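Residue-level listing of the chains:
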Amino acid sequence: AQKITQTQPGMFVQEKEAVTLDCTYDTSDPSYGLFWYKQPSSGEMIFLIYQGSYDQQNATEGRYSLNFQKARKSANLVISASQLGDSAMYFCAMREGRSGNNRKLIWGLGTSLAVNP
Amino acid sequence: DAGVTQSPTHLIKTRGQQVTLRCSPKSGHDTVSWYQQALGQGPQFIFQYYEEEERQRGNFPDRFSGHQFPNFSSDLNVNALLLGDSALYLCASSAGTGGARGNTIYFGEGSWLTVV
Chain A
2 AQKITQTQPG MFVQEKEAVT LDCTYDTSDP SYGLFWYKQP SSGEMIFLIY
52 QGSYDQQNAT EGRYSLNFQK ARKSANLVIS ASQLGDSAMY FCAMREGRSG
102 NNRKLIWGLG TSLAVNP
Chain B
276 DAGVTQSPTH LIKTRGQQVT LRCSPKSGHD TVSWYQQALG QGPQFIFQYY
326 EEEERQRGNF PDRFSGHQFP NFSSDLNVNA LLLGDSALYL CASSAGTGGA
376 RGNTIYFGEG SWLTVV
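Read top to bottom, the protein sequences are chains A and B. With the first sequence counted from 1, adding 1 to any position gets you my numbering. With the second sequence counted from 1, adding 275 to any position gets you my numbering.
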């Protein structure tokens, strides 16, 4: 069964508008971490934001915020004030267990975001 | 502060050949993980090295092997290349001590391998 599900293969957003990229996850481990990465066509995987399962507040990093709904097992990425340079693939990933013991990330299939001028 | 560096960036190999890909982790990081990303897919975990030992391994055959050096850099070796090994190979670095530092996992630009 898919542990990370990204249901939006492709998304379009107008420049300067906000966009939400969906991610749902499945785990029975009470300790886990959720990551979002941006992958431009060059291939580099760029770290955007991290949310731990025990974190009380939603993570924010500049224009990126993570809408973490633990009961629904969702970790949606919100990009505010979209820029043309935001056009890329976006991946949601999960690490199960505590970070000291496990570095393996499980990935979704990604969402391709296109920002229109 | 140098990020994660990988080499080579692109290479073409023939079926049956062997390839070695190299990765230098971000400064201050001591754990290296390797991922294979086929076209249109998310990355798949190959293995992870910490303290010069393989600590975790994904579902990859023994043709995939690795090594970590005392300076924390790492090699990924693939023997007897198959057409299906064509992919982007990503190296990830992180701090092995866990805690908050272990939550930041950074990737290099990847090595594009084409097997013909």
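Calculated directly from the structure, the hints in this document are not laboratory data. Note that the structure is predicted; figures quoted are calculated from it, not measured. Just to be clear, a hint being listed does not mean it is correct.
Partner residues aside, some chain A positions facing chain B, computed with beta carbon under 8 Å [said to hold, decoys possible]:
| id | residue |
| --- | --- |
| 1 | Lys4 |
| 2 | Ser43 |
| 3 | Glu45 |
| 4 | Phe48 |
| 5 | Leu49 |
| 6 | Ile50 |
| 7 | Tyr51 |
| 8 | Tyr55 |
| 9 | Ala89 |
| 10 | Phe92 |
For each residue, glycine too, the CB sits at the ideal point set by N, CA and C.
Verification of the hints:
Taking 8 Å as the C-beta contact cut-off toward chain B, the hint placing A:Lys4 at the interface is violated, the least distance being around 11 Å. With a cut of 8 Å, the hint placing A:Ser43 at the interface with chain B holds, because the nearest CB-to-CB distance is about 7 Å. For A:Glu45, the interface hint holds, the least distance from its beta-carbon to any beta-carbon of chain B being 4 Å, beneath 8 Å. Restraint check, A:Phe48 versus chain B: the minimum CB separation of about 6 Å is within 8 Å; hint holds.
This hint is violated: A:Leu49 has a C-beta 11 Å from the nearest C-beta of chain B, more than the 8 Å allowed. Because the smallest distance between the Cβ of A:Ile50 and any Cβ of chain B comes to about 10 Å, over 8 Å, the interface hint for this residue is violated. Taking 8 Å as the C-beta contact cut-off toward chain B, the hint placing A:Tyr51 at the interface holds, the least distance being around 5 Å. A cut of 8 Å between beta carbons decides the hint on A:Tyr55: the least distance to chain B is about 11 Å, and the hint is violated.
Interface hint status for A:Ala89: violated, as the beta-carbon distance to the closest one in chain B is roughly 14 Å, over 8 Å. The criterion of a C-beta within 8 Å of any C-beta in chain B is met by A:Phe92, whose closest approach is roughly 6 Å, and the hint holds.
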